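S.K.: Sequence:
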Amino acid sequence: MNEIIKKIEEAQLKANVDEFSVGDTVKVYAKIKEGNRERIQVFEGTVLKKQNGGIRETFTVRKNSNGVGVEKTWPLHSPSVERVEVVRKGKVRRAKLNYLRNRVGKKAKVKELVK
1 MNEIIKKIEE
11 AQLKANVDEF
21 SVGDTVKVYA
31 KIKEGNRERI
41 QVFEGTVLKK
51 QNGGIRETFT
61 VRKNSNGVGV
71 EKTWPLHSPS
81 VERVEVVRKG
91 KVRRAKLNYL
101 RNRVGKKAKV
111 KELVK
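Going letter by letter, the sequence shown gives residues 1 to 115 in full-length UniProt numbering.
It is worth saying that the hints were derived from the structure and are not from the lab.
The structure displayed is predicted, hence computed values, not measured ones.
Be careful, since some hints might not be right.
What the hints assert, rightly or not - With a Cα cut of at most 30 angstroms, we get these calculated DSSO-like pairs of lysine-lysine: (1) K63 <-> K89; (2) K49 <-> K27; (3) K50 <-> K27; (4) K6 <-> K63.
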């Protein structure tokens, strides 16, 4: 039974997944369905965490919108996520950036990774 599930999951995986990590500022191009129309909406923010692996891999992005923090979690291999574009790389030393939830303004920024 386990082998059957693995084969089904491998067929559902996306072939070209963009490389990004925790702390990066990304643009998520998500498909939004409104009635019978479908459009793409961009959500730009900082990646707080990445979880799991394989077909179940998810990532959480946080942005500040009109002074209110907004977080969204997407499955990485979902058909509703068209692509993830990295705007800038972040320099962090943690796997999960939960401390950013309590910060506002410049304190909520992540330093840019310069190579």
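S.K.: Each hint: holds or not?
M.R.: Cross-check of the supplied hints:
1. Between K63 and K89 the CA atoms are separated by roughly 16 angstroms; this keeps the pair inside 30 angstroms, and the hint holds.
2. The hinted pair formed by K49 and K27 meets the criterion: a straight-line CA distance of about 15 angstroms does not exceed 30 angstroms.
3. For the hint pairing K50 with K27, the CA-to-CA distance comes to about 15 angstroms; that is within 30 angstroms, so the pair holds.
4. Our distance criterion of 30 angstroms between C-alpha atoms is broken by K6 and K63, whose separation comes to about 35 angstroms.
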